[in-house]
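Undergrad: Residues per chain, in single letters:
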Amino acid sequence: MQKQTKKIFVILLTVIILLAAVIILLLTVFRKDHGDERNTAGIVISDEAEEWNKELEDTSDGQDGIKIPGYGELTVNSGDTVWEITLLNPEGNDCYFKYAITIDDSKTPVYESDLIEPGKAITEFEVSEPLETGEYEIHLNISAFTMDESLTALNGADVKAVLHVI
Amino acid sequence: MNKKALATFLAAVSCIAAPVTALAAEGSSTQEISAVLSMEPTYTVTIPATVNMGNDGTSVDVTASEVENLQDSQKISVTIAGTSYYRNQLVLEADKDLVDVNHARTLRYQIINEAGEIIETTGQDTAVGSEVVSFTGNETKQYQIKPVIVDENRDRLVAGVPYTGSITFGITLAEAE
Chain A
0 MQKQTKKIFV ILLTVIILLA AVIILLLTVF RKDHGDERNT AGIVISDEAE EWNKELEDTS
60 DGQDGIKIPG YGELTVNSGD TVWEITLLNP EGNDCYFKYA ITIDDSKTPV YESDLIEPGK
120 AITEFEVSEP LETGEYEIHL NISAFTMDES LTALNGADVK AVLHVI
Chain B
0 MNKKALATFL AAVSCIAAPV TALAAEGSST QEISAVLSME PTYTVTIPAT VNMGNDGTSV
60 DVTASEVENL QDSQKISVTI AGTSYYRNQL VLEADKDLVD VNHARTLRYQ IINEAGEIIE
120 TTGQDTAVGS EVVSFTGNET KQYQIKPVIV DENRDRLVAG VPYTGSITFG ITLAEAE
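In order, the protein sequences belong to chains A and B.
First residue of the first sequence: 0, per numbering that gives the first Met the number 0; consecutive thereafter.
First residue of the second sequence: 0, per numbering that gives the first Met the number 0; consecutive thereafter.
Note that these hints are calculated values from the structure, not bench results.
Keep in mind that the hints are not guaranteed to be accurate.
What follows is a set of in silico ranges between Cβ atoms, one per label pair, in the way DEER data are often shown [as the list claims (entries may be wrong)]:
#1 B/Arg155 with A/Asp79: 54 to 60 Å
#2 B/Arg153 with A/Asp79: 55 to 61 Å
#3 A/Lys106 with B/Lys140: 28 to 34 Å
Far from chain B by the CB rule (all over 10 Å, computed), these chain A residues [said to hold, decoys possible]:
#4 Thr80
#5 Ser127
#6 Leu150
These figures come from a predicted structure and were not determined experimentally.
Here a beta-carbon is modelled for each residue, glycine too, at the ideal position from N, C-alpha and C.
Turn these sequences into a full structure, and let the hints guide you.
TA: Here it is, written out as structure tokens:
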């Protein structure tokens, strides 16, 4: 009887260990699948960008241009590595946006986005290093590209704003 | 013996529970007190998509819209922050396969800002920082862009070949004069 109980426990244990292995494997695959989304041309479209539904009045009279969002003053908490700043590609643009965020005169971005489609925005992102309390100059460097496979560079912008770190 | 087996069983169950607990932690909402102010765009500037001009130059529109909370002493300043050409020169380039060595592969251009000032580069100087237009509200301004075609290069330019390049515009709030 005791021998039989031991046998049942061994079988149960094996099943549990196998189940755990399957769960861990599934979790790993799930996370990989939800990483960068690549299309057939090898273009990396940001999967962090979400629909941005705020009303945008079109006062451009249909002119062929690129709408660049501008910022007044921005504030983040010192020590935070996740910044809640909206990186938007306004609806109506006929191009991809790619943001690179730099601080003061540094040429090394603290964050670089993948390509953002028109009408979408990244509302928070992780920077490579947190900042200490103080006032900084933040540069939101926007590169614009055609939406075909050539990804031809269009005119872009370097949007400068004051960044308060509190 | 039974106790030993039970202990092993419980250890295995806790192994499964660990990742499930971690998942629950990721999914849970934490309430944070934040001092973050408005972090969304407070104005929009529409810039031209490309550098595009005829022989006689072109007038280009730049529009400011959705302008909010701009103080009386402030303006939205649009400047030249860089170009696609070496050393940020105001120069367009033709595909080298389309132009032979006897013809010009590059074409200089100049920008005439809303104040009528000519912005151009001649090799050693820079146009970076030069203001093209500025806004104090929702409005559209124009600047002129024209190729520099003079007797020295007129015959070396190739008609029908696209000379291309791009501009990076600097956009910021600045003190109004």
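Undergrad: With reference to the structure, classify each hint as holding or not holding.
TA: Now for the hints, and whether the structure bears them out:
1. B/Arg155 with A/Asp79: 54 to 60 Å: Hint holds: Cβ distance 56 Å, inside 54 to 60 Å.
2. B/Arg153 with A/Asp79: 55 to 61 Å: The hint (55 to 61 Å, Cβ to Cβ) holds, given that arginine 153 of chain B and aspartate 79 of chain A are roughly 58 Å apart.
3. A/Lys106 with B/Lys140: 28 to 34 Å: For lysine 140 of chain B against lysine 106 of chain A, whose Cβ atoms are near 30 Å apart, the range 28 to 34 Å holds.
4. Thr80: About 14 Å separates threonine 80 of chain A from the closest Cβ of chain B, which puts it past 10 Å; holds.
5. Ser127: holds (19 Å)
6. Leu150: holds (13 Å)
When each numbered hint is compared with the structure, no violation occurs for any of them.
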